[in-house]
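Q: Next come the chains, spelled out residue by residue.
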Amino acid sequence: MEGIGYKILGALLTTLLAFTVGMFYAGFRRKIIARIQNRVGPPVYQNFLDVLKLLSKKTSVNHGIMQHLAPLWLITMSVSTLMFIPVLKDGLFFTNLNFSGDLIFLLYIMVFGPLGMALGAGQTGNPNSAIGVSRGLTQMVGFEIPWIMAIVALMIQYKTTSVTGLLDIQSQNGTWMMFSSPLAFIAALLAMPGMFRYAPFDIVGAPAELASGPISEFGGKYLSTMMTSGSIFAFVKLTLYVDLFMGGASNLIELVIKTFALYMYPVLWGAVSPRFRTEQAVRYFWGWPLFFGFAALIYAAF
Amino acid sequence: MREKTTTLYLGPQHPGITGNMMVKLQVQGDTVVKAETHVGYLHRGFEKLMERRNWLQSFTIVCRICVPEPDPNEENYSRAVEEIEGREVPERAKYIRVMTLELARIATYLLWYGGQSGSAGLYTMPQWSVGDRNYILDLFEDLTGGRIYHMYIWPGGVRRDLPHGFKDKAMRTMDYLEKRLDDYDKLMFENSIFQKRAKGVGIIDPEKATEWGVVGPPLRACGIKSDVRKDDPYEVYDKLDFEVPAMEGSDVWTRALIRRFEIRQSINLVRQALDKMPSGEYYNKIPNPHKWTIPAGDAFVKTESARGEFAYYMVSDGSNKPRRVHVKGPAYVHGVTLLENLLVGENIADVSFIMNSLGTCPPEIER
Amino acid sequence: MYNDKESQKIVDIIQNFARKHSLFVLAYGTGCGAIEIPPTMTSRYDAERFGIRGAATPRQADVLLITGYLATKTLKRVIRVYEQMQDPKYVMGFGSCAINGGMYWDSYNTINMLDKYIPVDVYINGCMPRPEAVIAGFVKLQKLIQEGKADGWDRYKKNLDEYRANQKKIITNWVMPDFNR
Amino acid sequence: MSSLVILILIIAGFALLSYFGHSINKTAGNIAVFAAAVLIPLYWFTRVDFSETVSFTISGFQMELGYNMYGKLFSLIVMILSPLALIYALGYMKDSKRTGTFYFSFLFSILGMTGILMSRDFISLFIFWEIMTWSSYLLVIFLGKDVEKTGIRYMVFSALGAYAMFMAIVIIHRNTGSMMLNDYFNAFGNFSTGTKFLTGILLMFGFALKSAVMPVHVWAPGAYSNTPMAYTSVFSGALSKMGVYGLGFVVINLFAHANLHFAGTILAWLGAVTAVLATFSAIFQDDAKKLLAYSSIAQLGYIVTGIGIGTELSIFAGLYLAVLHAAFKGVLFMAAGAVERQAGSTDMTEVTGLIRKMPLTFFASLVAIIALAGVPPLGGFVGKWMLYESLINNGNFLMVIMIFLSSTAAFLYSYKFLFGLFLGQEEPEFENVKEASPLMTIPMLLLSVFLMITGSFPGIVFKYIAEGMTDLGFHDVNWQMSVLTNAWGDSVNLQHVTLSIGVVFVVFLIFLTWKGYKKTYYVSTKDISSSGEVIKPEDNMTYSTDFYKPFERVLHPILKRKIEKYYDEFGEGIGALFDFMRRIYTGNGQTYAFYVIVFLVILLVFSKNIFGY
Amino acid sequence: MSENILHNEQKLLNLLEKKFLLKESRIIRAKRVEVKVEPKEVIPVLLYAKENSGYIHFAHMSCVDWIEDGEFEVVYILWHPEEKINLFVKTRVPRDNGSLPNIDFIWRQANTYEREIREMFGLRFEGLEGRKEFILEDWNNIPPMRRDFDTEAYVKEVFFHRLGREDAKDVREKIQERTDEELPDFAKKYSRD
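Chains as they are written, first to last, in numbering that gives the first Met the number 0: chain H, 0 to 301; chain S, 0 to 366; chain V, 0 to 180; chain L, 0 to 612; chain Z, 0 to 192.
One or more of the hints may lead you astray.
[To be verified] A few chain S residues facing chain H, derived, Cβ under 7 Å:
| no. | residue |
| --- | --- |
| 1 | 118 |
| 2 | 188 |
| 3 | 196 |
| 4 | 199 |
| 5 | 202 |
Keep in mind the hints are simulated off the structure, nothing from the lab.
Just so it is clear, CB atoms sit at the ideal spot from N, CA and C, and this is done for glycine as well.
Same shape as in the complex, but just chain H (with noise of 0.2 Å):
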């Protein structure tokens, strides 16, 4: 039973460190983006403010259930993928409940939450939700597939479907998947911006369009559930990424600077690019990624 309580200590830390940890990535990325607009930018604690502001806010308002729980199914989602992928290589807590972590099983519990949150947003009656769920949807279609690509590369080269089984070759190997399967490490990475939704594929919510898109009704506790689910899902993606490709880590910092380190690269593509329409954002996805997703694949099997 000790065993039980340590993981569920590990689970309450990992979620506590994946939520701070997000934050303040979030909040280095609206600093760096600030620097590069020749700006000062706010504090780099700015997202916490924000998220305890709209929680303080003291109404809500909903259109209906599937409203009500969209917030809920994203943050179930990010909280349960933490969950299930090892944060830390070995230590007692940051190991975490990662049931072996299967990566089909990421990978589909991954759209939980998108999908939760196509439904509220599709109760709002607002069209500009509806609107952007069908550009988020079409443009998941797209760097989905050159991202499982990768992953079934991953899969086939290294006869195993879990994480924890990926990392352990690599570490038996003494070499990073980066560099043992470089053509998955760069189809990977190309779809990586499409998952983050940072320009040039945040389509979804482009203000300009769609004034925001699903999220244009949600505020309040709403919108902070959804802020902090964000953050800590952009915590399980880079983490995801580390453990794939970079040999995951084996404490904290090592953790934060290959996270940190991958985070840059969406981050500053999107600083200077505008946005891709959908069709371009996918035909994007389904060229270069693609073709290295095959080559991936092909460098895998054969």
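Start from chain H and add chains S, V, L and Z according to the hints.
A: Chains S, V, L and Z only, in chain H's frame:
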């Protein structure tokens, strides 16, 4: 039965709309099948108010007609009054006016840089260009005391002479801006995603452009060399050296290129105006404003603003108040008939983008 | 309830601290003052230093900027937008036209006193107010929030009938959804 | 008398009873139907002896009826789904005319399916197959709309399938001298290569046709959407599984055992292509019924892929998906039917915002959609997982990508279905829509409860599948109740998944819903932030037309040629065929039956002369 | 202004005078030609100018309320892109029950101008389509741009006024009586005569 098309209100409260107006879109999928421009959210009844104000009081409110670019209004008003009254303007004042107008054009183009790329999601560009626009506004502040509303060009000349050291400061600012424009080019024009967004979007039929009332950069992007500064030269534009650009293409991208060329030309024009500026009077006296009457008559004056031909039709009945001042901004045609027709068949994603490239500015539509 | 600082609970102080440092401004340029919002937000004046950033829709926004004169047609939309915002919400009147009609005091289409129609927390004077003035206005608003005195949303609910009467005097064709708080 | 014969007689009896009951009085008929819905499964579950065989000889052909475990698995689908659909139909068909014919055909198609699954020889298989086809044909044309196109299409394709099967049977009989299935399977290895292919492919064609695999799926969208929804749930959920049943034993017994793996692989590829293309078609449908029909084709594509691959895990996945598909597609077609009945249409550009009017229907379809999309923690994920793992373990990486593409794109139509019917603006024209009657909602809810249980305890289905697999010659896999394991030893523990998701969900549910000092308001969908404007009554604020226009534009350069070629040119070709066929078939059931019998007789008599080997 | 410079302007006037019955015609200055016509002549003149003379650009359209004469003066301003000439076509219609032909089939942007004039002056255009409300919303007073609409009275009736400036005196009359010598110092700066 409800329509099969979806109604989308773009504005008035919308981040993608330029100013306070509304475009009611009927969309099928994400393609616009019908667009209706609704204005009147900014209607203040200027033309009514001017009927109640004497000639000088009216002058103070004309600059409020178009916020992003107030100076062509002042210029138009002053020139209309001068034309009816037959009032002469000193040569120096003319140069100062040209310089002010060109500075205003630069400021507007910088704002356009921000709007055009901001509506495409390139948020760094507005931060840079709108930030740099402040340097122009600083010059205005030195010159007139106001950042936005200058009330500077008035009938008979300009309100003040250039302040001490203004020329150097203006020259330095121009040099700085010219340097910055290269950065803008790298960020915006050389960006392949921006090019993908802009090319082939919002095409105006070049054959019909003049007939449809297209003016300014959109018309020049249709390959037609049309510029009031050349066609109907006012002030001292006939003494300055510049050329009217014209490019084939008539899409958002071409219009952007035209503006990219023109902002550099305006910098050059400011330099020329400062260099060639003669010394002398900057103002011809007007009588006691409350007694100031203007003979009966009418005038139609035009100024090339950053967004195109800005025209005033002024009628005086010989009293101390204007009978009628009718303002026609370029957006009057661009924002209503042209926009409504141009948006049909375009993607929702490009609506705001096209509006920015046309330079739609609601306050001058409804005044 | 929020009249003096002594009566604020610790929770309120924390919440007000968060509120004042995170002001989401609704993207609505109601009048010509909107031209000074981009400079305020962009690199030279950089209002994001204070946690001020734009929000696309009223549901997410905290601050409604009435940037200048308010045409009667816009007033209707402003009321609509204001009622869609979530409590607590703040209104800043911008420029002299919002205060007393300013230059357009005798115009048939612009209202002259904003606070008769929606509650205003902070007025900024000037025509038009410079970005520095705008930021000063925001700082003033932050101060009021911290002290718990920015209670326009509360006044609106309490005096809804009065505000409604004033609003309906101008908006003759009243077809708005109910404000059911 | 044997329990099997009694079962068949009971179903036939109830069919007649409900027909005559309905011709006397609606209530009497409904009571008969209800009794059928209760008693048939009751009898099947309690009285039917699965080890029993009945054999009899008719004009020299030996016929044998008897269950094997593989057939029992599919019977389970039939016996659970059909009664629920019957009960649903009581609510759905309340105000319809000619209900007698409907229930008669319905029960007869159940009879046909039951018979197929217990046939051990080709003759009875064929007869029951024809009963099934025939009765379902009557239901396809029941509503009388689009008979020209849909009805004849279904008829012609069924006939083609029947002929293919029949030819195969004749050849088999010619070669083995027996009509027993087992004799054929045992003798298959000794056939010449040509015969192997001929019989295998002919049989496969017949079965693949029923399970709507891509080249021969053309009949399906129309037939599925034109049938009364009460039956479509069975049509798509159970009847199409008869094709899967056939494909299963063909692929496993013939190809796998005779080392003709590539034939299975071709089938799997066909399945994958079906899945992708049908998903793309489903995305662009505006009618919810059509959407579900294409979705059914896509889902059957997965199943066929799983079966075609022919490894243990893949067949397991295929069978599991077949069971699950019956459940969730049953719910979805029932939900579509409920919406059609209550709101008058299933056109997603018209119907909108029913969630608060029909919450139970929405809940059932939500659960079914989550299962369909394969999102954990519901049952659909288990099947998806096994399918992917089997494909990856096998190294069929291109097929994995295709299935992934298809199932990612499936989110698009899943969402569109829910959004189109239930979410979006609540329009005044649907103000008076009420929730469907309990007769309709209870079957849906029961099935969705089943879907939720399979999410954490798929073992309850595994048991039957494992039995069936053993029957097919795989060794007894010892699947645990809720742990999935693949060949490489990686596993997913579903209870952990459900538990953790559940705990997180509840924690945040409490967090979000706990009122405290915050007030949460409900506002109508007319109170949305429409840029400050007040929505006018004539404005249509529901975004439903061309919902996936960007995606359409993406696919345009890639697939336009193919899809158009496929649907138009192929359709034209088929149309030309129809014109020819129409001269033979009048579209009338009796004529068809007459032709079948004549053809059958001719073939039997002259088979030696026709196939001279 | 020599004859040579005004060649094009004169040519246009001659053409129009020959073809139509003009009430009045003159060259205001270089690049400005004005003709006055009856309302029924508006369409023929405009069509002729567009189709035959190359005045293809519809630059402006305005309306002036001459309440003393009981007439509206409507002016159409055209632009010749090659010859760079503005042609003013003026016509007068009675204020009460006057109407003008709709010209938005010639230039579609005229639709906007006409809708505005219809709304702001209450002048009728025969066969004009388009939304009734262009700028104003729910306006049920006399059209605001008519001279007989008193905006100040309307404002006093409808809107609130902030208190605090009751003691402010109207000094306009007083200033008007001032001679230049009485001007304050800062004002003298601008009026050196």
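Q: With reference to the structure, classify each hint as holding or not holding.
A: Status of each hint after checking the structure:
1. Restraint check, residue 118(S) versus chain H: the minimum CB separation of about 4 Å is within 7 Å; hint holds.
2. At about 11 Å, the closest approach between the beta carbon of residue 188(S) and any beta carbon in chain H exceeds 7 Å, and the interface hint on this residue is violated.
3. Against a cut-off of 7 Å between C-beta atoms, the interface hint on residue 196(S) holds, since the closest Cβ of chain H lies about 6 Å away.
4. Because the closest C-beta pair between residue 199(S) and chain H is about 11 Å apart, greater than 7 Å, the hint is violated.
5. The closest approach between the C-beta of residue 202(S) and any C-beta of chain H is roughly 16 Å, which is over the 7 Å cut-off, so the hint fails.
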